[in-house]
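Asker: Spelled out from the first residue to the last, the chains are:
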Amino acid sequence: MANLLWLQGGACSGNTMSFLNAEEPSACDLVTDFGINVLWQPSLGLELGDDVKAILQKCISGEIQLDIFVFEGTVIDAPNGTGEWNRFCGRPMKEWVKELTAAAQFVVAIGDCATWGGIPATAPNPSDSKGLQFLKREKGGALGANFTSKAGLPVINIPGCPAHPDWVTQILVAVATGRAGDLTLDEFQRPKTFFSSFTQTGCTRNMHFAYKVSSTAFGQRKGCLFYDLGCRGPMTHSPCNRILWNRVSSKTRAGMPCLGCTEPEFPFFDLAPGTVFKTQTVMGVPKDLPEGVDKKGYVKLTAAAKGAAPAWAEEDIFVV
Amino acid sequence: MTDRNSSPQDDALRQKISGLLSGGLETEAWPRAETSEMVNEIVGRLHTDAGDDLEKKLVIGGFTDHPIEADEIEQPCETCMYYLVHRRFCELPEFMLPVEPNWSCRLWRI
Chain D
1 MANLLWLQGG ACSGNTMSFL NAEEPSACDL VTDFGINVLW QPSLGLELGD DVKAILQKCI
61 SGEIQLDIFV FEGTVIDAPN GTGEWNRFCG RPMKEWVKEL TAAAQFVVAI GDCATWGGIP
121 ATAPNPSDSK GLQFLKREKG GALGANFTSK AGLPVINIPG CPAHPDWVTQ ILVAVATGRA
181 GDLTLDEFQR PKTFFSSFTQ TGCTRNMHFA YKVSSTAFGQ RKGCLFYDLG CRGPMTHSPC
241 NRILWNRVSS KTRAGMPCLG CTEPEFPFFD LAPGTVFKTQ TVMGVPKDLP EGVDKKGYVK
301 LTAAAKGAAP AWAEEDIFVV
Chain Z
1 MTDRNSSPQD DALRQKISGL LSGGLETEAW PRAETSEMVN EIVGRLHTDA GDDLEKKLVI
61 GGFTDHPIEA DEIEQPCETC MYYLVHRRFC ELPEFMLPVE PNWSCRLWRI
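Line by line, the protein sequences give chains D and Z. So that you can map any letter, position 306 of the first sequence is 306 in our numbering, and since no number is skipped, the others follow by simple counting. So that you can map any letter, position 43 of the second sequence is 43 in our numbering, and since no number is skipped, the others follow by simple counting.
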């Protein structure tokens with residue numbers, strides 16, 4: 001039996017909604033098959049008011065062993081470092097977070113807001129939001145760069161806007177069943193099992209990427225979304241085209257550019273006008289190139305591939 | 001030159017554009033769209049000022065009947081993302097024009 005407590009800071013509940021749609025394993029499987037005891041969760045918990053507060057206090061005192069503390073949303077510091085803009089159970093949420101993370105065996109941040117600040121931390125960041133252990137790419141966040149939970153691990157970051165439900169449940173199962181030691185984390189503390197490959201890995205538009213044929217509008221079935229519509233699939237670490245959404249699709253498969261939501265900089269370019277859904281260029285060359293590719297190589301490869309493109313690559317081959 | 005994917009209408013329009021460019025139509029080939037902000041500005045002008053007017057499209061887009069080199073990179077239509085190789089056609093929604101592979105415009109992107 002592993003006790004899990006889930007709280008929410010500056011967030012939209014999107015990760016909770018995602019979590020409730022998990023299938024492999026499902027949220028119910030966590031309880032029935034994997035021995036996770038959900039002490040409280042904002043959308044599932046039955047307790048209200050003082051009864052919730054009592055659970056939190058017992059976790060902090062050790063009366064209830066807190067095995068996994070899950071946090072969704074940013075840690076809000078405003079105004080003036082007090083955190084008063086996000087009060088919960090009679091005090092600023094940031095204070096609960098500090099004490100609960102100190103009491104927990106494992107701490108898991110779910111979604112961009114909890115991992116690196118996400119949309120609430122977009123400049124000018126009026127709520128003075130932070131992720132648990134990062135603010136965008138900068139390590140530190142609300143808990144500090146050196147934080148480790150009682151089990152000796154830093155915060156386990158599962159980013160995404162929202163995180164895919166199965167990323168959440170699979171990591172929770174690994175932790176709850178004593179296999180946290182098998183998890184290897186990358187430099188941003190993301191489990192490598194999910195975040196080493198790219199969104200582009202498994203994308204159905206890869207042949208259009210290869211022949212440099214561009215989509216020019218959302219929802220088009222032909223063409224690659226990277227060249228014009230701002231798709232960040234070649235630079236974004238996620239398994240969105242390996243572990244499909246609702247088991248059937250992904251953004252890019254549906255003709256919607258990847259927004260790079262598992263990366264610390266999301267939302268990119270601080271959502272400045274003209275930057276969303278538009279590939280940013282410098283003298284016609286994309287500002288952000290596929291990871292590991294330099295400008296000279298990209299230009300050479302692209303010119304050659306374009307010249308070699310077969311006619312079918314420029315047509316809609318997905319005939320019903 | 002004909003292409004199996006280039007229609008007679010495309011061919012006729014391509015010839016007309018070629019005539020305009022070789023006939024001295026002055027286009028805004030410079031400055032090139034160096035930044036995304038400049039791209040957005042030019043695309044905006046294509047919407048508001050050009051519409052379906054062919055000559056205005058060519059002028060604002062900075063069309064030339066030869067490649068332009070900028071930032072040490074040659075910018076011919078044939079390497080541009082909007083160019084359809086087999087149809088010899090520019091698929092940028094604001095243009096949608098038949099072109100030649102060695103032409104160029106300032107919205108070139110690779």
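Incorrect hints may appear among the rest.
[Claimed, not checked] Here are the in silico distance ranges between beta carbons for each label pair:
no.	chain 1	residue 1	chain 2	residue 2	range
1	Z	S22	D	N246	34 to 42 Å
2	Z	S22	D	F318	39 to 47 Å
3	Z	Q9	D	L289	34 to 42 Å
[Claimed, not checked] With a straight-line Cα cutoff of 16 Å, these simulated EDC-like cross-link-like pairs (lysine to aspartate or glutamate) come out:
no.	chain 1	residue 1	chain 2	residue 2
4	D	K295	Z	D71
5	D	K306	Z	E41
6	D	K296	Z	E69
7	D	K300	Z	D71
8	D	K306	Z	D10
9	D	K287	Z	E37
10	D	K306	Z	E37
11	D	K222	Z	E91
12	D	K287	Z	D71
13	D	K296	Z	E72
14	D	K306	Z	E100
15	D	K287	Z	E91
16	D	K300	Z	E94
17	D	K295	Z	E72
18	D	K278	Z	E34
19	D	K278	Z	E41
20	D	K300	Z	E91
21	D	K295	Z	E94
22	D	K278	Z	E94
In case anyone wonders, no lab produced these hints; they're calculated from the structure. All figures in this text were calculated on a predicted structure; none of them were measured in a lab. Glycine included, every Cβ here is placed at the ideal spot set by N, Cα and C.
Asker: State for each hint whether it applies.
Answerer: Here's how the hints hold up against the structure:
Taking 34 to 42 Å as the suggested C-beta distance range, the pair S22 of chain Z and N246 of chain D does not conform, at roughly 55 Å. Between S22 of chain Z and F318 of chain D, the C-beta spacing of about 40 Å keeps the proposed range 39 to 47 Å intact. The beta-carbon spacing between Q9 of chain Z and L289 of chain D, approximately 37 Å, falls within the hinted interval of 34 to 42 Å. For the hint pairing K295 of chain D with D71 of chain Z, the CA-to-CA distance comes to about 12 Å; that is within 16 Å, so the pair holds.
Simply put, K306 of chain D and E41 of chain Z have alpha-carbon atoms about 27 Å apart, too far for the 16 Å limit, and the pair is violated. Between K296 of chain D and E69 of chain Z the CA atoms are separated by roughly 15 Å; this keeps the pair inside 16 Å, and the hint holds. Straight-line distance between C-alpha atoms of K300 of chain D and D71 of chain Z comes to about 15 Å, which keeps the hinted pair within the 16 Å bound. This hinted pair does not check out: K306 of chain D and D10 of chain Z have alpha carbons roughly 21 Å apart, beyond 16 Å.
Straight-line distance between C-alpha atoms of K287 of chain D and E37 of chain Z comes to about 13 Å, which keeps the hinted pair within the 16 Å bound. Straight-line distance between C-alpha atoms of K306 of chain D and E37 of chain Z comes to about 26 Å, which puts the hinted pair past the 16 Å bound. Proximity of K222 of chain D to E91 of chain Z is assessed by CA-CA distance (about 13 Å); at most 16 Å being required, the pair is judged to hold. This hinted pair checks out: K287 of chain D and D71 of chain Z have alpha carbons roughly 14 Å apart, not beyond 16 Å.
The suggested pairing of K296 of chain D with E72 of chain Z holds, with an alpha-carbon distance near 10 Å, which does not exceed 16 Å. Taken as a hint, the K306 of chain D and E100 of chain Z pair is honoured in the structure, with Cα atoms around 15 Å apart against an allowance of 16 Å. For the proposed pair K287 of chain D and E91 of chain Z, the alpha carbon gap of about 22 Å is over 16 Å, so the pair is violated. The suggested pairing of K300 of chain D with E94 of chain Z is violated, with an alpha-carbon distance near 27 Å, which exceeds 16 Å.
The straight-line distance between the Cα atoms of K295 of chain D and E72 of chain Z is roughly 12 Å, inside the 16 Å bound, and the hint therefore holds. Pair hint K278 of chain D plus E34 of chain Z holds up; C-alpha atoms about 15 Å apart against a cutoff of 16 Å. Between the alpha carbons of K278 of chain D and E41 of chain Z the distance comes to roughly 13 Å, so the proposed pair stays at or under 16 Å and holds. For the proposed pair K300 of chain D and E91 of chain Z, the alpha carbon gap of about 22 Å is over 16 Å, so the pair is violated.
Distance hint between K295 of chain D and E94 of chain Z is unfulfilled; the C-alpha atoms sit about 27 Å from each other, more than 16 Å. Taking the CA atoms of K278 of chain D and E94 of chain Z, the gap is about 15 Å. The hint holds against a cut of 16 Å.
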